[in-house]
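Undergrad: The lines below spell out each chain.
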Amino acid sequence: MIVSLLDELLIFSATTLLVAFVLGRGLAVGWMATLLYAGQLLVLFKMAPLGYGAQPIASELGFEVMGQSLSWQFDAMSWFFALITLVAALLTSWYASGEWERKFRSQGGNVWLFHVAMALNVLTMLILLASGDLLSLFIGWELVTWAGFLLMTMAGGPATRAAMRYITYAVIGGMAVFGGIALVYASAGSLQYDAILTAATRMPVGYLWVLVLLFAGGFGIKLGLLPFHLWQAPAYAETPGPGSAFLGAISSRMGLFAILLVLVKLFGIVNIENLKIPFTLIDARDLLAWIAVFTIILPTYTAMKQNDARYLLAWHGIGQGGYMLLGLVVANALGSAGGLLHILNYALCQAALLLTVFAVQHRTGTADLNKMGGLVTRMPLSFLVLLCGIIGLAGLPPMNGFVSKWLVYRSLLDQGMPLLFLGAIIGTLGTILSVYKLIHNMFLGQLRVEHEHIQEAPWSMMLPMLILAALIFLTGLLPGIPLTWVASVQQSLGLPAIDFTLGGITAKSGSLDMIWVIGVLFAGFGIGALIFYSAGRSKRVHQLDNYAGGHFLTADVRYQYSDNFYSGLMHLIGGWYRGSFLWLEKSISSLIEFLSLVMKGVYRRANPEFYLMSAVLFLLAWVVI
Amino acid sequence: MIDSPVLSIVLPLLGAFLLPVLMRVSLGLGLWVGPAILIYGGWILAQLAIDGSALPMSLGIGGFAPPLGINLYIDQTALLFAFATQLLGLIFWPFQLDSDTPRRQSLMLLLVAASTGLALSGDLFNLYVFYELVAVASFGLITASGRPAAHAATFRYLVLSGIGSVFTLLGIALLYSQTGTLNLAHLAELAPEQLNNKLGLTAFLLMLIGIGVKAELFPVNTWVPEVYATASHRLSAFLAGLVSKLAMLVILRLLILVFHQPEALQIVLLLGILGVISGELAAWRARDMRRMLAFSSIGQLGMIFIALSLPDDRGLLAVLALSLHHMIVKSGLFMLTDGWGGSLRKLKGLGKRAPFGSALFVLFALSLVGMPPLPGFWAKFTLISELASQSSSLYLIGLVVFLLATVVETSYLFRIAGWLYQQPDDSPVSEPPPRLGGLSLSTAGLFGAALIAATLWIGPVGERLQAMAVQTRQVSLYIDTVKPQLKQAAQASPDASAAAFDNRRLAASSCETCTPMGDEQ
Amino acid sequence: MLPIELLLELTLMPLVAFIVGMMMVLMMRRIAARIQRRVGPPFFQPLYDIVKLHSKRTQVSHGLIHDIGIVMAMGGYIAAETLLPVPGMDGIADKGGIITLLYLMMIPSLGLALGVGQCANPNGSIGIARALTAMLAYDIPLVIVIFGVAYAAGTTNLVDIIATQQAGGFASWGAVQNPLLALAGLIAMHASLGKQPFEIYIAPAEIATGPMVEMGGKYLGGLFVMQCFQLYTTSVLYVSLFLGGGTTWFDFLLKSFLVLAIPVSIAYLFPRYRTEDLLRLMWKWPVMLGLIGLAFVM
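Chains as they are written, first to last, in our numbering: chain A, 104 to 728; chain B, 10 to 530; chain C, 47 to 344.
Keep in mind that the hints were calculated from the coordinates and are not lab data.
Heads up, a few of these hints could be off.
Under 7 Å between C-beta atoms, here's a sample of chain A residues computed to sit facing chain B [what the hints assert, rightly or not]:
id, residue
1, E245
2, I270
3, L722
Using 27 Å as the maximum straight-line C-alpha spacing, the simulated DSS-like pairs for lysine-lysine come out as follows [as the list claims (entries may be wrong)]:
id, chain 1, residue 1, chain 2, residue 2
4, A, K408, A, K689
5, A, K642, C, K102
6, A, K206, B, K361
7, A, K703, B, K357
8, C, K301, C, K241
9, C, K330, A, K408
10, A, K703, A, K689
11, B, K207, A, K689
12, C, K241, C, K98
13, A, K703, B, K355
14, A, K642, C, K241
Cβ coordinates follow ideal geometry from the N, Cα and C atoms, glycine included.
Using the sequences provided together with the hints, build the complete structure.
TA: What follows is the structure, encoded as structure tokens:
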């Protein structure tokens with residue numbers, strides 16, 4: 104049997120899992136796993152022509168089970184997602200090796216399980232990305248779901264509770280997809296993409312509606328789309344450090360991958376546009392777009408209220424997913440490119456941010472935003488990485504997040520969608536507010552006494568963080584590089600491809616050239632520095648040498664503003680946080696509890712004959728009538 | 010030369026009556042008899058299965074030719090269940106030594122004999138007899154093996170089962186009065202003309218309710234939770250894993266061969282849906298592992314009933330796949346309840362102390378909720394893809410209920426998994442931590458291994474099941490297999506003995522005629 | 047265009063902005079003085095102030111980020127000026143467009159916020175929290191306005207937007223075409239300047255001038271420079287969007303000063319709003335005006 108590159112990749116990935124499984128009790132397992140991820144990445148680089156428009160690579164592996172044939176293949180989109188997955192895996196695994204791992208073990212964590220779960224996640228994600236028909240897609244989907252569950256639940260305690268919530272949601276999503284696949288099979292008679300493509304064109308409107316809702320809802324749950332977003336933040340935040348960063352970076356995007364594949368590639372966004380909601384002006388695409396916008400806004404403003412750095416970032420993860428979906432459902436060249444590019448950009452930022460938060464937690468032992476402050480003097484490099492990350496996440500120049508968000512804004516402008524545009528901007532503003540809170544409460548302000556002697560994060564953790572920060576900047580400076588891959592993905596999806604240059608985008612209605620923008624920005628900084636430093640030397644003073652309205656500051660006085668950071672804003676919008684989704688979730692689970700009690704009561708009755716008789720009577724009556 | 014599969018019924022039956030006597034003579038010898046019989050029975054059936062060319066075949070026994078006499082119909086499906094009966098009988102053999110041993114072992118042999126009969130029997134009267142035998146044997150076993158609470162549960166079961174039997178008998182009587190025969194093949198021939206009416210439907214419903222008691226059909230399954238919770242775990246595994254499926258097999262035969270009314274299918278579907286809803290929801294609240302598994306078993310059987318109501322081959326494939334899967338998984342899970350019974354809270358932190366058992370639990374749970382690529386997924390996939398292609402909206406409701414039930418199922422199964430792998434509480438535990446017996450664990454391990462093997466060879470297994478479904482679904486094949494015997498019986502009825510004792514040759518000859526026909530169809 | 051010309055433009059644009067900005071500060075002070083019946087400062091007072099602040103002997107730093115924050119605050123605006131066309135000079139306006147400009151204008155705020163954070167004074171942090179909240183308040187109407195203008199013009203390129211307005215004469219000015227948007231933009235612009243009644247984040251009596259609490263010497267000087275740029279950028283952006291930009295330097299400056307005079311004059315007649323009142327005001331009137339204006343555009 105000739106082994107194709109895809110098989111090579113999958114075998115490599117399976118080997119990683121095996122090595123982690125067998126040798127995982129040894130000391131160097133982290134490093135071995137990291138090397139193996141690097142190996143997988145190399146194989147992926149060998150497949151790089153995919154990112155430049157080459158033909159899909161099929162796997163030699165194929166099954167025929169109960170009349171269903173299963174196949175696997177890699178195309179431009181799979182490659183793009185796999186690239187993000189493996190980069191994230193490589194860097195987070197690197198981060199986990201060495202110092203972090205030692206501390207994790209000393210705190211009673213199971214390092215073996217951690218590496219196994221990581222390797223399993225990567226493998227299952229690759230399998231999902233390689234799916235060549237709807238059934239293998241679903242198999243991959245479920246595998247990813249359960250692999251994620253393993254990684255989330257392994258920390259025990261609150262993590263297990265969060266993971267349970269996750270798996271309930273994920274299974275609801277899985278079942279929606281399962282139902283959708285059954286309906287597709289019933290209508291197309293096959294689960295091969297070609298057959299579905301032709302069948303999709305002649306499906307009746309009602310049928311298509313059901314399918315769109317099932318697939319969008321089912322896959323959307325993994326993406327954290329409203330109203331199915333509640334599971335995500337706690338599940339990701341409670342996962343052990345690097346695992347959290349890995350999941351935060353890429354796990355949810357698997358939902359986006361599947362949505363792209365099914366809703367955009369198979370059903371076609373144009374078909375979806377034809378689905379009108381009666382008596383309103385909006386169609387299914389608008390519906391998705393609005394869901395995306397609410398997914399941007401609500402979780403972002405929930406993030407603003409978090410007092411735990413991990414939760415704050417995890418909530419942002421949900422919100423950023425909204426931008427991707429928003430860009431993709433706009434579906435013109437700029438918008439879909441923005442959505443796709445944001446997947447990469449966001450993954451880099453989120454990984455960097457979470458890794459930094461966990462590095463700080465590694466040193467200080469807390470992620471509580473009210474128990475830190477002033478750490479910039481102790482951990483300057485971590486501060487730098489976090490700064491790059493938050494600028495990218497908030498989508499400000501000069502980092503990469505700006506480019507992808509710019510594309511999304513532009514597409515909304517071109518399409519004339521002012522309210523969606525406004526929603527997207529409101530989300531961005533909320534992001535700026537809350538990431539400032541993050542960096543302020545962690546790194547700025549007064550350094551606490553107990554943190555006076557902590558050190559910068561160890562190099563085994565620092566290097567991957569710095570690499571991520573560099574990537575965030577580079578993809579912001581030269582967006583043309585990832586945009587090449589994005590354009591290939593667009594072609595493979597049948598969307599209009601974007602017209603780009605190395606530094607950005609050229610379009611008649613307004614261009615962007617990041618090289619120039621960043622160039623003048625840094626020139627501006629240079630001039631600013633010149634003005635600033637040409638003045639007299641400044642004297643460094645201690646942080647307690649500060650204006651306090653006449654009081655003398657001492658180390659035991661907390662002189663820090665961190666809690667209820669945006670109190671003015673909360674005076675107005677605080678009342679708008681109603682917890683409606685929590686209420687909905689609670690009421691549904693109460694309903695099930697109640698029904699369950701009723702059913703149990705049915706079975707606990709002492710006179711079963713009664714049922715039997717009444718059943719017979721009822722049935723006989725039914726027959727006779 | 011293959012020994013007659015009749016022996017797989019007769020020998021255990023004989024053993025059941027002789028065992029108490031034998032044990033009084035020599036306990037040591039007696040202890041070996043039961044397993045030996047079951048191994049032999051299993052071997053006969055396995056040989057038949059390996060040499061698949063002889064199937065399907067029909068056998069007449071006891072000197073009376075059909076339609077009056079006993080007749081066995083063996084196709085791949087029947088063989089599978091008969092084989093599973095012998096095998097599971099062996100696996101769940103009540104080997105404990107105490108004063109009750111002879112009674113328990115002979116009852117078990119009786120149960121196996123009756124169950125095998127249930128699987129193979131080709132006429133309604135015998136089915137009824139075997140069915141009653143199964144009931145009697147299980148009452149005895151439950152009271153013999155369980156705790157005192159089992160007596161109360163058994164009484165409830167007894168009442169229900171008794172009334173059920175009356176209804177079954179009533180249904181059979183109705184059939185007989187209408188057609189004058191109880192042979193299934195004969196009935197199948199006559200059904201389109203004589204039973205396609207309200208009377209036929211009534212007969213079916215009566216039998217459905219009656220047999221449904223064993224098949225855990227809603228609403229006549231209220232005995233299930235208490236019995237499974239109080240009987241010994243091995244017996245519960247046997248009852249939940251196998252006996253319920255056999256009752257279901259009887260209903261399956263009736264549906265395929267005799268009752269073709271769409272109403273019949275609808276009512277099965279409706280009751281199946283209600284079973285799924287009630288079982289899964291009740292399991293969600295259960296705070297005791299056995300009860301939870303019992304409720305879950307009701308739910309699973311409900312799914313099988315939903316599958317049963319599907320009118321074509323793929324539906325039947327779903328039935329077979331779901332049954333087989335449930336047989337393996339539920340048996341395995343019940344084996345784990347040895348020691349893990351009682352309050353679920355006791356299970357906290359057991360993952361460290363019983364890693365293998367916990368891992369098995371997770372494996373079974375994953376397969377039960379249908380995680381690919383475990384076999385449960387394929388079974389469920391077959392079911393829902395078939396449900397989705399039906400036009401009737403009731404099927405779509407079934408689909409939705411099925412999907413929602415899976416969510417509930419995941420929620421309660423993995424709640425337990427979560428507890429298993431939780432850190433144990435620091436507070437001093439008043440009671441000793443639950444221990445899993447070595448034998449139970451290894452038995453569960455066996456089922457786990459079977460599950461994994463089925464995962465790896467899912468392709469061949471699937472093909473085999475598909476072939477099975479196609480064969481079972483062919484009404485004409487059934488009629489044509491049994492028909493020569495009927496004709497011969499009609500000619501030879503004055504002198505029945507000649508025909509009856511030469512059944513083996515008959516079976517072979519009938520197969521020569523039928524196998525190519527099967528191919529044609 | 048020759049690289050050297052471009053380089054010249056890129057150098058000249060911030061320089062012009064700085065000088066005009068200082069004049070705007072002067073105008074602001076003069077207006078304040080007139081309203082309060084004072085004479086007001088001499089012409090070169092802003093320059094004197096900047097030089098004075100930068101040459102102070104006591105310069106108190108709270109750490110590197112404190113310094114970098116000030117550098118970012120100035121540098122961000124210097125960069126932003128190159129994206130803002132002035133008569134005869136387009137700079138790199140066609141390479142960024144209005145959205146980029148909008149976001150580039152957030153960099154100085156971010157820099158200031160970082161610098162203030164490093165000062166480790168809760169008064170400063172409270173000020174920044176308020177300032178960011180205020181940004182959330184005024185950016186929403188501002189974004190509606192910008193969307194409306196860009197959509198009406200069919201481009202995000204400021205050069206094109208200005209050219210369209212100039213081509214059609216007075217009647218095609220944004221303010222004439224979309225008066226509601228122009229009005230909303232004016233209110234949002236006023237708030238974005240952080241002048242009364244929207245200066246809660248400084249609130250000297252309450253939080254000791256907030257962000258500026260630990261700023262002295264060249265730090266305050268840097269902020270002064272930043273203010274010059276801010277006044278210039280805001281008014282020129284408004285002129286570009288609604289008043290047809292400038293064909294000649296004379297009418298360009300005239301328009302810019304006039305536009306700025308409106309909020310400044312209003313500012314000194316008002317006390318200040320609390321944060322939530324600012325939000326309420328901004329999210330009610332200008333947003334409503336903007337949305338109605340937008341409805342006309344669409």
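Undergrad: Indicate, hint by hint, whether the structure satisfies it.
TA: Each hint tested on the structure:
1. Interface restraint check: E245 of chain A against chain B, minimum CB-CB distance 5 Å, threshold 7 Å, status holds.
2. Annotation: I270 of chain A was flagged as interfacial toward chain B, and the flag holds, the nearest CB pair being 6 Å apart, inside 7 Å.
3. A least Cβ separation of about 5 Å between L722 of chain A and chain B falls short of the 7 Å threshold, and the interface hint therefore holds.
4. The suggested pairing of K408 of chain A with K689 of chain A holds, with an alpha-carbon distance near 21 Å, which does not exceed 27 Å.
5. With a C-alpha separation of about 12 Å, the suggested pairing of K642 of chain A with K102 of chain C holds against the 27 Å cut-off.
6. Under the criterion of a C-alpha separation no larger than 27 Å, the hint pairing K206 of chain A with K361 of chain B is consistent with the structure, at around 21 Å.
7. In summary, the hint linking K703 of chain A to K357 of chain B is supported, as the alpha carbons are separated by about 24 Å, within the 27 Å threshold.
8. A C-alpha spacing of about 20 Å is found between K301 of chain C and K241 of chain C, which places the hinted pair at or below 27 Å, so the restraint holds.
9. A distance of roughly 24 Å separates the Cα atoms of K330 of chain C and K408 of chain A; the hinted pair therefore holds under the 27 Å criterion.
10. Taken as a hint, the K703 of chain A and K689 of chain A pair is honoured in the structure, with Cα atoms around 21 Å apart against an allowance of 27 Å.
11. A threshold of 27 Å between alpha carbons decides the hint, and for K207 of chain B with K689 of chain A the separation of about 48 Å lies outside it, so the pair is violated.
12. Note on K241 of chain C and K98 of chain C: the hinted pairing holds, with a Cα-Cα distance of about 24 Å set against a maximum of 27 Å.
13. For a cut-off of 27 Å, the pair hint linking K703 of chain A to K355 of chain B stands: about 22 Å separates their Cα positions.
14. For the hint pairing K642 of chain A with K241 of chain C, the CA-to-CA distance comes to about 31 Å; that exceeds 27 Å, so the pair is violated.
Hints 11, 14 from the earlier list are contradicted by this structure; the remaining hints agree with it.
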